[in-house]
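**Student:** This is what each chain is made of:
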Amino acid sequence: MNNTYIAITLLSLTVSSFAVGADWLQFRGPNGASVTGDVAPPTKWSETENVAWASDLPGKGVSGPIVVQGRIYLTCASGEKQDRLHVLCFDEKSGDEVWHREFWATGRTLTHPFSSVAAPTPASDGKRIFAFFSSNDLACLDLDGNLLWYRGLAFDYPKAGNDIGMASSPVVTGETVVVQLENQGDSFAAALDTASGETRWRVDRDHSANWVSPTALPGKREGKHVVLLQGRSGLTAHDAMSGDELWRYDVPCSTTPSVAVSETRIYIPANGLTVLDLPKDATVPSLAWDSSQLSPSPASPIVTKDFVYVMNGVGVLSCGDIVTGKRLWQVRIGGRHWATPVVAGNLMYCINADGEVKVVELGERGKVVGTNKFDEAVKGSPATAAGALYVRTDSKLWKIARGS
Amino acid sequence: MMLRYFSSVVLLLLVGSAVAEEVDVTTLATKLKAVGPKGAGHREAIAAWRTLSKADVAQLPAILEGMKGAGKLSENWFRAAVESVAQTELKRGGKLPIDGLEGFLGDTSQSPRARRLAYELIAGVDSSAEERLIPGLLNDPSLELRRDAVALAISSAAELEQAGKKETAAEQYQTAFNAARALDQIKITSEKLRSLEQQVNIPVHMGFVTQWHLVGPFDNTNKQGFDVTYPPEKSVDLNDSYKGKKAEVKWVSHVTKDQYGIVDLNVIFDRPKEGDSYKLTDDHKEAIAYAYSEFTASAAADVDLRIGCINANKVWLNGKLLTANQVYHAGMEVDQYLAQGRLKSGKNSILVKVCQNEQEESWAQRWQFQLRVCNHIGTAVLSKDRNANKTAAR
Numbered sequence: 000m001n002n003t004y005i006a007i008t009l010l011s012l013t014v015s016s017f018a019v020g021a022d023w024l025q026f027r028g029p030n031g032a033s034v035t036g037d038v039a040p041p042t043k044w045s046e047t048e049n050v051a052w053a054s055d056l057p058g059k060g061v062s063g064p065i066v067v068q069g070r071i072y073l074t075c076a077s078g079e080k081q082d083r084l085h086v087l088c089f090d091e092k093s094g095d096e097v098w099h100r101e102f103w104a105t106g107r108t109l110t111h112p113f114s115s116v117a118a119p120t121p122a123s124d125g126k127r128i129f130a131f132f133s134s135n136d137l138a139c140l141d142l143d144g145n146l147l148w149y150r151g152l153a154f155d156y157p158k159a160g161n162d163i164g165m166a167s168s169p170v171v172t173g174e175t176v177v178v179q180l181e182n183q184g185d186s187f188a189a190a191l192d193t194a195s196g197e198t199r200w201r202v203d204r205d206h207s208a209n210w211v212s213p214t215a216l217p218g219k220r221e222g223k224h225v226v227l228l229q230g231r232s233g234l235t236a237h238d239a240m241s242g243d244e245l246w247r248y249d250v251p252c253s254t255t256p257s258v259a260v261s262e263t264r265i266y267i268p269a270n271g272l273t274v275l276d277l278p279k280d281a282t283v284p285s286l287a288w289d290s291s292q293l294s295p296s297p298a299s300p301i302v303t304k305d306f307v308y309v310m311n312g313v314g315v316l317s318c319g320d321i322v323t324g325k326r327l328w329q330v331r332i333g334g335r336h337w338a339t340p341v342v343a344g345n346l347m348y349c350i351n352a353d354g355e356v357k358v359v360e361l362g363e364r365g366k367v368v369g370t371n372k373f374d375e376a377v378k379g380s381p382a383t384a385a386g387a388l389y390v391r392t393d394s395k396l397w398k399i400a401r402g403s
Numbered sequence: 000m001m002l003r004y005f006s007s008v009v010l011l012l013l014v015g016s017a018v019a020e021e022v023d024v025t026t027l028a029t030k031l032k033a034v035g036p037k038g039a040g041h042r043e044a045i046a047a048w049r050t051l052s053k054a055d056v057a058q059l060p061a062i063l064e065g066m067k068g069a070g071k072l073s074e075n076w077f078r079a080a081v082e083s084v085a086q087t088e089l090k091r092g093g094k095l096p097i098d099g100l101e102g103f104l105g106d107t108s109q110s111p112r113a114r115r116l117a118y119e120l121i122a123g124v125d126s127s128a129e130e131r132l133i134p135g136l137l138n139d140p141s142l143e144l145r146r147d148a149v150a151l152a153i154s155s156a157a158e159l160e161q162a163g164k165k166e167t168a169a170e171q172y173q174t175a176f177n178a179a180r181a182l183d184q185i186k187i188t189s190e191k192l193r194s195l196e197q198q199v200n201i202p203v204h205m206g207f208v209t210q211w212h213l214v215g216p217f218d219n220t221n222k223q224g225f226d227v228t229y230p231p232e233k234s235v236d237l238n239d240s241y242k243g244k245k246a247e248v249k250w251v252s253h254v255t256k257d258q259y260g261i262v263d264l265n266v267i268f269d270r271p272k273e274g275d276s277y278k279l280t281d282d283h284k285e286a287i288a289y290a291y292s293e294f295t296a297s298a299a300a301d302v303d304l305r306i307g308c309i310n311a312n313k314v315w316l317n318g319k320l321l322t323a324n325q326v327y328h329a330g331m332e333v334d335q336y337l338a339q340g341r342l343k344s345g346k347n348s349i350l351v352k353v354c355q356n357e358q359e360e361s362w363a364q365r366w367q368f369q370l371r372v373c374n375h376i377g378t379a380v381l382s383k384d385r386n387a388n389k390t391a392a393r
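Note that the protein sequences, when read in sequence, are chains A and B. So in numbering that gives the first Met the number 0, spot 293 of the first sequence is number 292, and the numbers just go up one at a time. So in numbering that gives the first Met the number 0, spot 345 of the second sequence is number 344, and the numbers just go up one at a time.
So that you can see chain A by itself, here it is in the shape it has in the complex (with noise of 0.2 Å):
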């Protein structure tokens, strides 16, 4: 055994020993699912309780924060015309800054005042920080905050871009990460090695605004990583190594809020809720059932254990039976909630725009359990690590904690 070898052993320990806890590592979590078996944050919080820190973000944003080994990452962008874009690292414990990064916007910046150029939740695969923006512009650093690549997608394309603002995420899968720029003008979704940032694939899309984000099966299917692709029309699956369409499902699929999914399922907002019976090969998937009751807009579906839940247009939660589609129960929210709610333990934290966060208990009734208000809009769906809540306002970075 000789000394590099002890030493490069010491130094993965060293790398190891942050990787502690849940990460969060993309929009929604694990696997798109806005769901962490950790143990849940704090029901209630103060100026004086349970708030381990709140930081100041350079910029705009209505993207969410991810969680990758110990350390927050958070997109913003800022000036006049949005085109500064930030990508920012934050220590987990202490809230402290750790490094930032800035780029200038290659792609169009002009967003709905309500939106930001800083709108994509960023992703990561773990080793990457893969940041994208509005402008269509995707960074990828390493978690220290060094370049590895960075790509302009409308550099390439300039017709793609909407101005209202684009919103949708990346995804990793595998060594791919998937984003998808779904516009009237050019319209695509491509995939890139998370390596050397060079393009795996492209397909063209329609050409009609589309904000949702791209979402990858859990696992693989016949040896293939699989990403899918929402449009209006319908959902495509695609090998994330080639593209390859493997099937379509045609149905008029909602252009906000995201499909979810779990090993068997896969739970479309379209018609309300369409549910598709996902077999274990490639093949096209079935219809399992329909609710129009179970109506996801804006926020995402989420689906844990043995249900599915659905937040509508007026902040009424429901929860349905993921085998039947019967709607369980309803309980009001309020407000309109942008922010997709996350689940911790048997907890649901659902936030709405003007900062109002409802704690939910899940069982079988929804119950609340706890109020609690940021004093500015929240529109970027939190993240939840390690009983820690992470929310994004509008001018601050927030860690949730117990026993702050």
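These aren't lab readings, by the way, just hints derived from the structure by calculation. Do not take every clue at face value.
Partner residues aside, some chain B positions facing chain A, computed with beta carbon under 10 Å [said to hold, decoys possible]: (1) 49; (2) 79; (3) 80; (4) 82; (5) 182; (6) 330; (7) 335.
Keeping only pairs whose Cα atoms sit at most 30 Å apart, straight-line, the calculated DSS-like set for lysine-lysine is [said to hold, decoys possible]: (8) 158/A - 284/B; (9) 346/B - 242/B; (10) 245/B - 319/B; (11) 186/B - 80/A; (12) 395/A - 90/B; (13) 222/B - 158/A; (14) 71/B - 343/B; (15) 126/A - 53/B; (16) 37/B - 80/A; (17) 90/B - 92/A; (18) 256/B - 80/A; (19) 126/A - 92/A; (20) 71/B - 158/A; (21) 233/B - 158/A; (22) 219/A - 37/B; (23) 94/B - 67/B; (24) 186/B - 395/A; (25) 319/B - 222/B; (26) 284/B - 256/B; (27) 346/B - 319/B.
Even for Gly, the Cβ is constructed at its ideal location relative to N, Cα and C.
Place chain B on chain A using the hints.
**Tutor:** Then chain B, alone, in the frame of chain A:
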């Protein structure tokens, strides 16, 4: 003992990866500048970046100089390398080459974004940088530096106004307005000037075209008209009449009084009035209008034609198509679409095609555009025959 030894090895490995070295900036910069669309030059750039990001801090001005001529994509590779070099040096307690950076900042022949980055590095370690450096950059070619200078001028004017010195406050606001290229600062300064009873001419300051000849509607059923070459696209004779969507249509003159040059086609092409020789669809659905303007240039020049339009649109300069945007109802902003063209000395023709679709929603009824002519940083370029004092908008 063994553990301490191994720990030292680990530490050396960690620190060793960040040791700075003198690198061949010229060669590396060339590789970063070669980054092109669709991943072109990517592999070489990744390798070059790794080396460049380990450059000695004294090479920062040279790296910034390497940004000259870099494209928008390449600039980001440079930026990340510069930040990495600077932050590594500061983390180990070193210093930035401030004199070199200030010298670089003062050289306006360098890349505007590189100069901005130099300023940010200086300001990051010197709290007096803004006060020392920014006021002199009021007319800087870097829009970011200019914006900061205008902001300081506005603050100074506000202090004078608060102190009751209205006359000098107005002068200072006027200075800020003249230098302002950012829309929000133009709005702030123009409002302040008006509140101090000063005349402001935003269309002239920004170069909005306000005098138009308009004709329409032509058919855009199923959005097919976007690709149809209607007669005005072939030639324009203001005395001509054409077969329109429902009837014969003729050119009408229009001078917009909107201070941001907006031409509202719904208002202009209102329901038929007595004497009009053509009829319009009631709600102007699936319709196309053309707007034509003549622009007299005192000399040939490269210019931007910047259009804001809520509808699908095309813009021609002297018969050459500069931009085509088949986007409906996805917002409208000043400078929404930028197109580069070249004015010839003398008379030039500008033609705009504005296409409305079939949507029924109340927010989808807007049928309007605004267009300005300016240089690459947004400074107005005005038609020679335009009398600024007689511009409709105030």
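**Student:** For each hint, tell me whether it holds in the structure or not.
**Tutor:** Comparing the hints with the structure gives:
| no. | hint | verdict |
| --- | --- | --- |
| 1 | 49 | holds, 8 Å |
| 2 | 79 | holds, 4 Å |
| 3 | 80 | holds, 7 Å |
| 4 | 82 | holds, 6 Å |
| 5 | 182 | holds, 7 Å |
| 6 | 330 | holds, 4 Å |
| 7 | 335 | holds, 6 Å |
| 8 | 158/A - 284/B | holds, 25 Å |
| 9 | 346/B - 242/B | holds, 28 Å |
| 10 | 245/B - 319/B | holds, 29 Å |
| 11 | 186/B - 80/A | holds, 15 Å |
| 12 | 395/A - 90/B | holds, 25 Å |
| 13 | 222/B - 158/A | holds, 18 Å |
| 14 | 71/B - 343/B | holds, 28 Å |
| 15 | 126/A - 53/B | holds, 21 Å |
| 16 | 37/B - 80/A | holds, 25 Å |
| 17 | 90/B - 92/A | holds, 20 Å |
| 18 | 256/B - 80/A | holds, 26 Å |
| 19 | 126/A - 92/A | holds, 20 Å |
| 20 | 71/B - 158/A | holds, 16 Å |
| 21 | 233/B - 158/A | holds, 25 Å |
| 22 | 219/A - 37/B | holds, 29 Å |
| 23 | 94/B - 67/B | holds, 25 Å |
| 24 | 186/B - 395/A | holds, 28 Å |
| 25 | 319/B - 222/B | holds, 22 Å |
| 26 | 284/B - 256/B | holds, 25 Å |
| 27 | 346/B - 319/B | holds, 15 Å |
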